[in-house]
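Colleague: For the protein sequence lines, the chains are C and E, in the order given.
Numbering-wise (UniProt numbering), the first sequence opens with residue 1 and increments by one.
Numbering-wise (UniProt numbering), the second sequence opens with residue 1 and increments by one.
Treat the hints as calculated values from the structure; they're not laboratory data.
Every residue gets a Cβ at the ideal spot worked out from N, C-alpha and C, and that includes glycine.
A portion of the hints provided could be inaccurate.
[To be verified] Chain E stretches covered by chain C per the calculated footprint, using a threshold of three residues with CB under 8 Å from any CB of chain C:
#, segment
1, 427-441
2, 531-545
3, 720-734
[To be verified] DMTMM-like cross-link-like pairs, simulated, lysine to aspartate or glutamate; straight-line CA separation at most 25 Å:
#, chain 1, residue 1, chain 2, residue 2
4, E, Lys295, C, Glu335
5, C, Lys683, E, Asp707
6, E, Lys295, C, Asp192
7, C, Lys715, E, Asp672
8, C, Lys717, E, Asp575
There are 2 protein chains.
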Amino acid sequence: MSGLDGFDGTDGLDALDAWWRASNYLSAGQIYLLGNPLLREPLRPEHIKPRLLGHWGTSPGLNFCYAHLNRVIRKRDLDMMFVMGPGHGGPSAVASAWLDGTYSEIYPHVSQDERGMARLFRQFSFPGGIPSHAAPETPGSIHEGGELGYSLAHAYGAAFDNPGLTVACVVGDGEAETGPLAASWHSNKFLDPVGDGAVLPILHLNGYKIANPTVLARIPEQELISLMEGYGHRPYLVSGDDPALMHRLMAETLDRAMDDIARIQEEARSGGNSARPAWPMVILRTPKGWTGPRKVGGVLVEGTWRAHQIPLKAPRTEPEELAQLEAWLRSYRPEELFDEQGVPRPEILEQSPRGARRMSASPHANGGTLLRPLDLPDFRDYAVAVPEHGEVQAGATTVLGGYLREVVAANRTNFRIMGPDETASNRLSAVFERTDRVWRGELLPTDEHLAEHGQVMEVLSEHLCQGWLEGYLLTGRHGLINTYEAFVHIVDAMFNQHAKWLEASRELPWRRPVAALNYLLSSHVWRQDHNGFTHQDPGFLDVVLNKRPEVVGVYLPPDANTLLAVADGCLRATDLVNVIVAGKQEAPVWLPMDEAITHCARGVGVWEWASTDGGTDPDVVLACAGDVPTLETVAAARLLQKYLPDLRVRVVNVVDLMRLQPPSEHPHGLSDAEFDALFTTDKPVIFAFHGYPWLVHRLTYRRHGHDNLHVRGYKEKGTTTTPFDMVMLNDLDRFHLVMDVIDRVPGLGGRVAPLRQRMADERLRCRAYTREHGEDDPMVSGWNYRSGRPDRPSRRA
Amino acid sequence: MSGLDGFDGTDGLDALDAWWRASNYLSAGQIYLLGNPLLREPLRPEHIKPRLLGHWGTSPGLNFCYAHLNRVIRKRDLDMMFVMGPGHGGPSAVASAWLDGTYSEIYPHVSQDERGMARLFRQFSFPGGIPSHAAPETPGSIHEGGELGYSLAHAYGAAFDNPGLTVACVVGDGEAETGPLAASWHSNKFLDPVGDGAVLPILHLNGYKIANPTVLARIPEQELISLMEGYGHRPYLVSGDDPALMHRLMAETLDRAMDDIARIQEEARSGGNSARPAWPMVILRTPKGWTGPRKVGGVLVEGTWRAHQIPLKAPRTEPEELAQLEAWLRSYRPEELFDEQGVPRPEILEQSPRGARRMSASPHANGGTLLRPLDLPDFRDYAVAVPEHGEVQAGATTVLGGYLREVVAANRTNFRIMGPDETASNRLSAVFERTDRVWRGELLPTDEHLAEHGQVMEVLSEHLCQGWLEGYLLTGRHGLINTYEAFVHIVDAMFNQHAKWLEASRELPWRRPVAALNYLLSSHVWRQDHNGFTHQDPGFLDVVLNKRPEVVGVYLPPDANTLLAVADGCLRATDLVNVIVAGKQEAPVWLPMDEAITHCARGVGVWEWASTDGGTDPDVVLACAGDVPTLETVAAARLLQKYLPDLRVRVVNVVDLMRLQPPSEHPHGLSDAEFDALFTTDKPVIFAFHGYPWLVHRLTYRRHGHDNLHVRGYKEKGTTTTPFDMVMLNDLDRFHLVMDVIDRVPGLGGRVAPLRQRMADERLRCRAYTREHGEDDPMVSGWNYRSGRPDRPSRRA
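Whole structure, please, built from the sequences with the hints as guidance.
Modeller: Structural data, given as structure tokens:
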């Protein structure tokens, strides 16, 4: 390294190289060693782990980045976070955190000495130890990277509303092939250099994914540069395999990139330049498994896909490989890196920034430590006045929009709403009275509610919306994603991974709770009659309920007031994923606010005003969950009241779906006694459900009355038609519910046959009307539930 | 249009413009008109549909593309398909198909005259009519586009192994923001100009999505060009709003692009050039809602987001809007376009190619008409010889790989395997003995099994794999996608949409059945102990089983021989989505091939050789589905045989998960009598299941013995650990299954308490062993199920 000392007048690259060698040594040691961590004695088979698990290939490149980022942090006193796209390079993340001391601060038994190093090595990918990836257990990480594609979106999410933060994000060239990552490059069109921080993407081309080369590593360099320029970036290339040259090149390059960022921010923040800047990014091309075994058994490993995981596969049984492993590990000269006690030598420790400036100690990466509760207005102030149950109509999300308008205004840098261009479509436009949509593309005079800074982010990519919001939440802020119900399946996998992150985080006391990830699903299955079959899918609820109960909540508020109460609770929650399904069309508001609050607090309850059982001993229970099923159920109850006035009908509405589960399965679960009191143990229960009907069976199969439960829901019947035709197609309509009651309540006898026929005829009549007129019979669409007459529509709120 | 006649010596753009005006008229007519289709009388409110549903904004641009593509098809006698990314422009697709006669051929009641036009208009987005999108009902479509992002992947899938085909693909600028589409541009690195056809992407910038501008429409033109060049394309720009100029520009541009394609193919096919070509693509910039109302109520509509759906919202009630609508419709001069009978005039009809050259009549877009059955080898030839049940070990997917090798070889242009770089990881490498992975990036000497043409396609994007395969299947070929079980959730939404396509297609007699979409999920939840929690998720099965039963199948073959039998069946299937979950590690082969065939044909059956009930009257049923649960169940049965020899144990294995459902729910469903005969109605059933346990409850809740059913499965407990620790974490291990039996079989009395304790102790011992040694006790990992001893491991096949 001679000749590089004193680079740029501020730093010694020799010491930086020593840090790099130390982190490479620690990375390899975690993968291989059970004992003899400092190689004080010759390596023997019993020092080697019996199962070799982990990914070496990406680790030296990640270590290289980390070491060089340390340098610029120290030099410029930067507040920087590190997002590691190739999260399977877990050994690297752990090695760096141990080197800079964070690891031992959080896990004192893994001390920064020989004894701790032995534990560090043993625990990695070991039963009872730590995961092989950059998991929640890893200090400094908000991104596990097990499922690839989201690193850059997470990085931008972290940078929004964090003007003092720079997020360095290594994007692996495997990950770069994914769709979400390919779209994420455009995130720079949504970053405000004034109010937001900076993101420095480092595209790490090590050339291979698992067993194949990568696309971006095998296109001509000019194409790659065009691609990055096309994405709006200013790319810098760092390419090679000679450490000395590479250190100089990387240091020079990062200095230039950080100069660019400083200049961009300064110009923007001084008001001098409002054009969208070409943010820098780095293309780093290094061999896969750099500094590892070059050849094994005569076959090239370094620089090929064979270095992806374990370059030497059998050192425990093959003496030649054992010798090669020892030579490899000794090539880092551990005796120069660690002192007699196994403590990293002072010149290495000095490479690290101090305290919270260490990337693995960044408070942003343990966002709960920074979490400030939202300043929430009183949701009661936005209530729809309901003089009589259901007598007034309102669009639930429209009402919520008014509330969110004030949430936005009261939490300027702490709350964002993400959505794939559906905020207006989902009737939340009131928020635009107090904020704008972020837009750093060209602005035209005809544009509305677009600005360089705003709290609403809209891009036609559910992946970006979700990824940004995850990054925003995990760094200690709050938010909401609103999207069409059917298309939230696009982020099923991202939901799964975020839920898993929360599940694992909850077991780590040092990880402080972060704000809940809240989904507002509108434009739902029953109100996509106009867009047709592709837009009709309520199955996200099934996906959500597969995760551990303690991290998920599903709410189906039946009207505007219950939506307000539910939303307030969800915005206050932490370490959860909440799903709220709510309609956007005008619909009856069933409950005055005080009743709505009580009902939501209970999560499930009898609606006495719609029931005819006098509070005891019903003949049949009509249960419902979801706004449209509730409307049909109340209508069915009224039909029964009219035509079978002797029948004792109980209407039960479910807001909090988890209440249906046994308390052993979910903390919200009703006790069996409570469940039985509501649903009875022996009476027929006709359950009108928002989603796929079997979900209700799955939640209730252990309940006493389950054999009497008959669920109607979406059974995958749909097309472009009218709203009432949609419910008829799926036998969820009021007339069919009455028929279900007739079919299931014993002892009604022949006297109900005419009524049953009448209901069937009503269905035929409605269908015929619809097919003739192209719209629903006003009797069912503009129906007033109290009068039962279309000529007395409910009032608008 | 004067001065443009005779453009390029071959065609008249006047007539082309007339076609365009006709298709625009027909598009608007579908959205608005209930009657008076030819405007023979002044427009009156009753001529207007009561609900205005549909998307005008994108339609004129789509019509423009279709008209111009017709021109180049005729000029060059091209075999061309049209993929419409903005599938919500359904009016455009339907209008074009009606104009070229295909629509009336398929739907004779919608004849190509005034009467048919009236029906065409009425049926659109009307109850009992047709969907608003380019759905299966639409001739010429393989792509609905309800969920955006997959058009370009579908187009490439259609082009693979179709060297004579050119696929024109309009990509909307909204769709272009999605991740899957952003990644799809790189598909050109996987297209072979010799063996594959061509794709001509047309990026249609109309500037807006629903309520926002689009990213690609608002970046500087130079950035956009760089982006497309970076993606490896040669971009051509066509921009403007003057129809006359635009016609000339588009015609010239398409001529150049088609020349490029012809030259690229000729050079490659004559062996003159093997470099990856820069395929042409077109950037078409036109106003949203082009030729529609420019302003409504003083507000600009044309060229803004307000033109997205319905530009005039209330012509039925607002006289001014009615007049504006009439003026708009008359601006196309329908009297010049259609004759007295409403038949398009001859000069318009002449614009259309003939017969199967019409894009809406392309046989590729009704792929079932081209479907050739696979030439399948006899899977019995690949069977593992099993002298005694479970005595031999083999990796299931490794064995399948041998079979697939011959499938590949026997079906060179009719079968592809897609996967996100996991074909080797999933142990299917035998296929590389007969084919290669397609790779049009740079090739290095160290590369293996990469070639310019091949039947295996690997890219680290599940979206691309799925999209390519869908396009390939929908155009009449066969294939398989192999991927990690946890990450198949990435394409949940794409699966949903494909299943919906099949559900709708099955109701259309003219759509011929296409080959099944087959998923091979390996590296499954129980064998991702090394990668950790993020890689452990069996929930795709829950997603799949939400779709209509007639289009989905789920198979859990317990060993290599049953996998062969299942795979053979799945490769022969049509109009289905089949999911096969199979392990890749060495594991017992339980069944000789003849028994495997019988077992798979039945889908579920008693394994007498593992049972001790003598075929009648068991005390307990041990049921299992999935390879790892089967191993644990057989081991548990053997433990019970050893320690409780009097207990009558029946082992039931389930291969075909749909057999559990009632026959009313799924065509594979067992009758209640069959179910009861297998599972009994009154004995405890301990069910060891591959996935989330509640899925089994959901499938069986109506069965007589359901209350006695106790399911073990994955309950979201995982980390980086050992395989046996994974099953222990979820109480699915053999010891816990024995404890479950003890806890649930009545009358065993106190004599079993020591055995229960012994089982609990075994679990503790195994966990301690694992934590000490870092690997599983050979007693459970290398366990021979017959001897029960680790020193007699089963033989390798």
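Colleague: Can the restraint linking lysine 295 (chain E) and glutamate 335 (chain C) be considered satisfied, given a maximum Cα separation of 25 Å?
Modeller: violated (78 Å)
Colleague: Can you take a look at whether the segment 720-734 of chain E is actually covered by chain C? Rule is 3+ residues, C-beta closer than 8 Å.
Modeller: holds (count 4)
Colleague: Holds or violated: lysine 717 (chain C) with aspartate 575 (chain E), Cα cutoff 25 Å?
Modeller: holds (18 Å)
Colleague: Are there at least three residues in the segment 427-441 of chain E whose beta carbon sits under 8 Å from a beta carbon of chain C?
Modeller: holds (count 3)
Colleague: Can the restraint linking lysine 295 (chain E) and aspartate 192 (chain C) be considered satisfied, given a maximum Cα separation of 25 Å?
Modeller: Violated, because 33 Å separates the two Cα atoms, which is more than 25 Å.
Colleague: When I compare C-beta atoms, does the segment 531-545 of chain E have three or more residues closer than 8 Å to chain C?
Modeller: Holds, because 9 residues of the segment 531-545 of chain E bring their Cβ atoms closer than 8 Å to Cβ atoms of chain C.
Colleague: Given the hinted pair lysine 715 (chain C) and aspartate 672 (chain E), is their alpha-carbon gap at most 25 Å?
Modeller: holds (22 Å)
Colleague: Does the alpha-carbon distance linking lysine 683 (chain C) and aspartate 707 (chain E) stay inside the 25 Å limit?
Modeller: holds (19 Å)
Checked against the numbered hints above, the structure breaks hints 4 and 6 and satisfies the rest.
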